[in-house]
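**Student:** For reference, the chains in residue letters:
There are 2 protein chains.
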Amino acid sequence: MAEPQPKTRQADFQRVALIGVGLIGGSLSLGLQNAGVVGDIIGFDRDEKALSRAIELGLIDEAAPSLGDAVADASLIILATPVGATAQMLGDVGKAAPPEAIIIDVGSVKSSLVEAAASLGSGRYFVPCHPVSGTEQSGPDAAFATLFRDRWCIVTPVPDPSTEYQTAVEKVVALWRSVGANVEIMDAAHHDLALAVTSHLPHLIAFTLVGAADDLESVAEADIIKYSAGGFRDFTRIAASDPVMWRDVFLNNKDAILEVLGRFSEELALLQRAIRWGDGPALEKTFARGRALRRAIVDAGQETPAPNFGRDQTKTPPD
Amino acid sequence: MAEPQPKTRQADFQRVALIGVGLIGGSLSLGLQNAGVVGDIIGFDRDEKALSRAIELGLIDEAAPSLGDAVADASLIILATPVGATAQMLGDVGKAAPPEAIIIDVGSVKSSLVEAAASLGSGRYFVPCHPVSGTEQSGPDAAFATLFRDRWCIVTPVPDPSTEYQTAVEKVVALWRSVGANVEIMDAAHHDLALAVTSHLPHLIAFTLVGAADDLESVAEADIIKYSAGGFRDFTRIAASDPVMWRDVFLNNKDAILEVLGRFSEELALLQRAIRWGDGPALEKTFARGRALRRAIVDAGQETPAPNFGRDQTKTPPD
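Taken in order, these protein sequences are the chains called A and B.
Take the first sequence: its letter number 145 is residue 145 in this note's numbering, and every next letter is one higher.
Take the second sequence: its letter number 73 is residue 73 in this note's numbering, and every next letter is one higher.
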């Protein structure tokens, strides 16, 4: 990894307010610092312990005592809070931010936020963003500078045809590219449906499977742990994600999630019936579809080709 | 990894017949060779190309022209075929195997096989085994000697109280330990239920999710591939597993799978309703259960503690 660049007066954003110093906000801050495109980074978080830790880890230069203090002189404001807090936060920031400030978020749901942005005062440029990247961990200690490298960041601009807003969007696109992301621009509704399929439904299914396993009387938890290498352990990774963040995603993208969940349930009912009737050809036909899609994801650079995710090479033996 | 030991007359099994030279059979053969506990390994597979490849890769010493030739003088016969083929294979092997031969299988369903074993002639010792280990790949090229290390192998003995049979079970337990596996002995019905939870249902869900995504008209496959890092890509790993092997698992463990699938569907319906009604606390409560179970699996040495399965450290950039 490249050494952090010295901070210069040529930084694209002289003063950055980072609201929320967890995995995503902290990683973005580290990436921007390494790219040398930002000046001072002022952090704010309701969790004071996280805020001190963010200073220790170099995620921020200083901690602000309030949201208003954090954003007062900022040219870039990053809202890296759970989706449910962001709409409220956006209203508060709109009142406190200096004119011409660019505001971005990083949340996994966009339509509800674009609606909330309509009440922002003019002269503040809100550009909704969603970097499709993360790990199952959370908090400042989970942050790392290369989190967004080779991943996609989706930008869903609000309906503002002004030249100033278009310039702000261009700056935000450049910001994501500076941390190694590919950028795609689309409308919020399309984003919310695409992510319902590729992210929200998989998380719901993983949470459900882990919950159902936890409820069985007939199989002991010790057995589930021992034999988890049969497949179950894969699901526990995303089921270990931040519960509050995911609660907010489901509450804020209800319609799209219920739609794709309906499709999933139909498909599951068909396979259930095929099992009950012993319809081998139907099962084999469905099962045969997985390999091609995985190969395409690996070829697109979005997944490792190593068997078992290469996890065996990183395994730490138990004490 | 230790160098293969020279073959000695002290090998536990002087002549081994390996029926099926894919991922599991090939890996077991390599592991046993490295442990120095086997003499010559004679392979048989209906797929002649796989059989030649197995010789090239050192999975077997020679290829037999028929099942009968492979097992003729074997003291250990390993059936590493898809579950659906194993019952028939067991009958054929029973007729051709020499007296005192120990026969094991490696399949993911046990009750149906224990029933089939009842028709085996006396003096042949069939010990059903299931190493809970694998990758999403298949075929001889996917085999590697350490596949079973630190994983569990479940042994489900048939109801034979004879001293000879108990000795055979002990030899089989020692065999699995020699390749690094932990061994658990249990009855076949308990195995089939535990594995329905930890392996069969997760595979069914993963196959279903990938199939449902493939069917959507509203979200393009290109979007699914691009944004798969949001969670979807995790499911494509086990959905890329061998379709014939998994078809046989579902056809042969129908009752246990339908039972746990029912529990999963109930849990999913509850979460669907919580989303529809906007019941945040119910969602958060379910979601919060994932972390503890994952931590327990990591602590038990069955999963890497590295974020994202450590896959980012093994990622090969696209061409």
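One or more of the hints may lead you astray.
Pairs of lysine-lysine, DSS-like flavour, derived with a Cα cap of 27 Å [to be verified]: (1) Lys285(A) - Lys171(A); (2) Lys95(B) - Lys171(B); (3) Lys285(A) - Lys254(B); (4) Lys285(A) - Lys285(B); (5) Lys254(B) - Lys49(A); (6) Lys285(B) - Lys254(A).
From the derived model, a few chain A residues whose C-beta atoms are all more than 10 Å from chain B [claimed, not checked]: (7) Asp12; (8) Glu48; (9) Asp92; (10) Gly123; (11) Ala142; (12) Pro161; (13) Gln166; (14) Val169; (15) Arg177; (16) Ala229; (17) Arg289; (18) Ala300.
A short list of chain B residues far from chain A (calculated; beta carbon distances all over 12 Å) [said to hold, decoys possible]: (19) Gln14; (20) Ala64; (21) Leu67; (22) Ala72; (23) Gln88; (24) Ser108; (25) Ser111; (26) Val114; (27) Thr163; (28) Ser178; (29) Leu268.
To be clear, the hints were calculated from the coordinates, so they are not data collected in a lab.
Beta carbons are placed, not taken as given, at the ideal position from N, Cα and C, and that holds for glycine.
**Student:** Okay, which hints does this one fail, numbers in order?
**Tutor:** Hint check: 1, 4, 5, 11, 16, 17, 18, 24 and 29 fail, others pass.
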